[in-house]
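Here are the chains, one letter per residue:
Protein chains: 6
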Amino acid sequence: MTQLPDSERVGVPGGTLITATAEEGRALAVLMARHSIHRIQPVLETLQDGRPIYAANADSLIAASQVIAIEFATIAAANNYWRP
Amino acid sequence: MTQLPDSERVGVPGGTLITATAEEGRALAVLMARHSIHRIQPVLETLQDGRPIYAANADSLIAASQVIAIEFATIAAANNYWRP
Amino acid sequence: MTQLPDSERVGVPGGTLITATAEEGRALAVLMARHSIHRIQPVLETLQDGRPIYAANADSLIAASQVIAIEFATIAAANNYWRP
Amino acid sequence: MTQLPDSERVGVPGGTLITATAEEGRALAVLMARHSIHRIQPVLETLQDGRPIYAANADSLIAASQVIAIEFATIAAANNYWRP
Amino acid sequence: MTQLPDSERVGVPGGTLITATAEEGRALAVLMARHSIHRIQPVLETLQDGRPIYAANADSLIAASQVIAIEFATIAAANNYWRP
Amino acid sequence: MTQLPDSERVGVPGGTLITATAEEGRALAVLMARHSIHRIQPVLETLQDGRPIYAANADSLIAASQVIAIEFATIAAANNYWRP
Numbered sequence: 101m102t103q104l105p106d107s108e109r110v111g112v113p114g115g116t117l118i119t120a121t122a123e124e125g126r127a128l129a130v131l132m133a134r135h136s137i138h139r140i141q142p143v144l145e146t147l148q149d150g151r152p153i154y155a156a157n158a159d160s161l162i163a164a165s166q167v168i169a170i171e172f173a174t175i176a177a178a179n180n181y182w183r184p
Numbered sequence: 101m102t103q104l105p106d107s108e109r110v111g112v113p114g115g116t117l118i119t120a121t122a123e124e125g126r127a128l129a130v131l132m133a134r135h136s137i138h139r140i141q142p143v144l145e146t147l148q149d150g151r152p153i154y155a156a157n158a159d160s161l162i163a164a165s166q167v168i169a170i171e172f173a174t175i176a177a178a179n180n181y182w183r184p
Numbered sequence: 101m102t103q104l105p106d107s108e109r110v111g112v113p114g115g116t117l118i119t120a121t122a123e124e125g126r127a128l129a130v131l132m133a134r135h136s137i138h139r140i141q142p143v144l145e146t147l148q149d150g151r152p153i154y155a156a157n158a159d160s161l162i163a164a165s166q167v168i169a170i171e172f173a174t175i176a177a178a179n180n181y182w183r184p
Numbered sequence: 101m102t103q104l105p106d107s108e109r110v111g112v113p114g115g116t117l118i119t120a121t122a123e124e125g126r127a128l129a130v131l132m133a134r135h136s137i138h139r140i141q142p143v144l145e146t147l148q149d150g151r152p153i154y155a156a157n158a159d160s161l162i163a164a165s166q167v168i169a170i171e172f173a174t175i176a177a178a179n180n181y182w183r184p
Numbered sequence: 101m102t103q104l105p106d107s108e109r110v111g112v113p114g115g116t117l118i119t120a121t122a123e124e125g126r127a128l129a130v131l132m133a134r135h136s137i138h139r140i141q142p143v144l145e146t147l148q149d150g151r152p153i154y155a156a157n158a159d160s161l162i163a164a165s166q167v168i169a170i171e172f173a174t175i176a177a178a179n180n181y182w183r184p
Numbered sequence: 101m102t103q104l105p106d107s108e109r110v111g112v113p114g115g116t117l118i119t120a121t122a123e124e125g126r127a128l129a130v131l132m133a134r135h136s137i138h139r140i141q142p143v144l145e146t147l148q149d150g151r152p153i154y155a156a157n158a159d160s161l162i163a164a165s166q167v168i169a170i171e172f173a174t175i176a177a178a179n180n181y182w183r184p
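Chains as they are written, first to last, in our numbering: chain W, 101 to 184; chain U, 101 to 184; chain P, 101 to 184; chain D, 101 to 184; chain F, 101 to 184; chain Z, 101 to 184.
Quick caveat, the hints were computed from the structure, so don't treat them as lab data.
Positions of the beta carbon are idealized from the N, C-alpha and C atoms, including for glycine.
Worth double-checking, as some hints may not be accurate.
What the hints assert, rightly or not - Not close to chain Z: a few residues of chain W, all C-beta gaps over 10 angstroms, as computed:
1. Thr102
2. Leu104
3. Pro105
4. Ser107
5. Glu108
6. Glu124
7. Ala127
8. Leu144
9. Trp182
10. Pro184
Said to hold, decoys possible - One side of the interface only, derived from the structure: several residues of chain P facing chain U at Cβ under 10 angstroms:
11. Val112
12. Thr146
13. Leu147
14. Ile153
15. Ala155
16. Asn157
17. Ala163
18. Ile175
19. Ala178
So here's chain W without its partners, still in its complex pose:
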């Protein structure tokens, strides 16, 4: 069994919610959501076994997209929505 490296379990990659652009903020949201899962399940093989199942299941994909939306809401607020 392979444990994910710590870098894959960091809670807030880069250590800040502040990003230069909305696109970077979105990427951070995706990463934070993924790292939450790595934090709960750090075994690479288990995650790889699950991939074919959830990645082909609409409900799982929708649920994952919901987590990204919630993380992004926090990051967007942190950045005052990157208002010009």
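With chain W held as given, fit chains U, P, D, F and Z onto it using these hints.
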């Protein structure tokens, strides 16, 4: 297997949460929700296989509409709710 | 197969989140939630087929009411909660 | 089949989110959540048929309590959390 | 069948969202979530029958923890996050 | 049966939502989410029995990551998003 083009995986299409109208904000929310899924599952055939299932399943449709509602809440706040 | 008219797929019916009353805001939330689903699944027959199932399933009804609650939260904030 | 009266389908009973106390706000949240369901499914018999199922199912009860929590968050914000 | 006492169905135990500490706020969130369920299902035996099922089911426990998180978000905002 | 120690059931470990860094805030969110579950289900053996199931189930992992995202949103707001 066909990988979706990068344009279908952009986190924040157009690069900003600021839109001229609430309707445009709503369209952006739908797009961002969809692109989240594309980001997790970029294989077109897999997405197409899933469409007949989730698009005819009320619970899946409701779950997807929830993600849109959350994304829209962020976009609406970004635009001060397009208050006149 | 009958495609829903565009009017049933408008993201923000009326084009604004601003309503005169909380009741109108609630009606808008219901409509926006419903139109999200129409946007994903515009075929009338498919929606009609699903109705008997979700409308008699408590979990589906609860999930739908959650989407309304989230949409309403956004609309209520937009209207400063219709504070007197 | 018995259609629920309009009073059971009003979106915001009392027409305002403003309440005198947090307890009243909580009661309003419960009512609004329930009326969302009545709005989607107005047939009394169907609702009564569903009661024995969801009211004895922990997951359904938890899901319903989540909707109340979201509605209450909106009402609490509307009332500035009834801060003294 | 035993009906829970009114004290177990109070919406906001203590009648206020304002607490002295974050820990008290968390306890209030747990209580409010629980009382939501009691309000929907006031029969003690039914609740007790459900306990062995949901309390040993990870998904049910996760769903319940989500309701606590949402209630806590409201209480924390009410208390300005107990900022020093 | 082993009851988890009180320290594992504390609602807000450390007694405050205020943290020095976003990373600490994220760790607090994970801990608070976990302690919610411990508060509902304090028996260690039951939690250990559930681990192999939820930790290998994508939907459970996604649901857990959603709770972390909601808790984090509250903690981030408490800390003004650790804005520089």
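**Q.** In rising order, the numbers of the hints this structure does not comply with
**A.** Going through the list in order, the structure violates no hint and respects every one.
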